[in-house]
Amino acid sequence: MGILTSSKRNRRPSRNSYTVSSRPSSPSGAANGKSFFAHVKTALSWTLGLGLGALLLVGLALGGLHLHRLATTSDFFAIRRIEIRGTTHFNREEVLKAANLQVGVNSLTVNIADVERGLRDNPWVAAVAVKRRLPDAFEIRIRERIPAFWMLKDGVLHYADNRGRTIAPVSVGNFLSLPTLEILPGGEELLPQMDELSRAFQAAHLPVNMASVSLFRVSAAKGFEVFIENRNLVLCIAAEDWDTNLRRLSLVLSDLARRGELKTAREVWAADGNVWVVEPQDV
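If you're matching positions, the sequence shown starts at 1 in full-length UniProt numbering and goes up one per residue.
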């Protein structure tokens, strides 16, 4: 009896048989879906954040406007005191009018730059500083221009400073007796030296009363001329190297005063390191 054995290992596939292989499904579709929803979620988050931020800013702005309106209408900030310092040539009412300030106005509504600008328009004001003292006060500090001369301008007598710059017309209500400044041809170029020269004159302790000076003349021809009324005396200082000329003039005047000869002098002129004395018989 024959034994038939079959082995799967030795079994050969038939010619027309097919093997179907299965491939795993791609996850790209699901991933794309998740990515889309993630973008939507992010966009919504940003939109919500921006919206909340905008609402917050609007709320802060409205709240700030409301607080500003309350502050600028509150009697707590009403002006009750205005302190003014440094004025000599115009009174308190004139200062307040120029500054456009008055008691009772809310101090927060006052523009300090406008106040200072209004005060600087006054010809007497050289510098001004305004400070707001909350809740109800202002401090105004003014530095005035100092008049040193009378000066004729366009037929009107004005006050002028030590540099020959006009300040304001001479008036009865604001009268000061000062020497007259006269500017002859070429004298304009010497005006920048006037301030220093005037101070040097005061410091030189000349043996004459400088309060008796009636006229100060400036010219290219003679430099600086000082007319002393009570002595009928003219002092001349050449503009070039004027400080040396002033020192020599002071020495000669002191010597003349010591010898009792100053009362006869009519003109003392210092120039180029020399000093000339003119007496009546020499005129």
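No lab work stands behind these hints, which were simulated from the structure alone. The beta carbon of each residue, even a glycine, is placed where N, CA and C say it ideally should be. Treat the hints with care, since some could be wrong.
To be verified - Listed below are the simulated SDA-like cross-link pairs for lysine to any residue, each with C-alpha atoms no more than 25 Å apart in a straight line: (1) Lys153 - Arg132; (2) Lys222 - Ala257; (3) Lys153 - Ala239.
What the hints assert, rightly or not - If you anchor each label on the Cβ, the simulated ranges turn out as follows: (4) Ala211 - Arg85: 26 to 32 Å; (5) Gly260 - Pro192: 35 to 41 Å; (6) Thr88 - Gly273: 38 to 44 Å.
List, from low to high, the hint numbers that the structure doesn't satisfy.
-> 1
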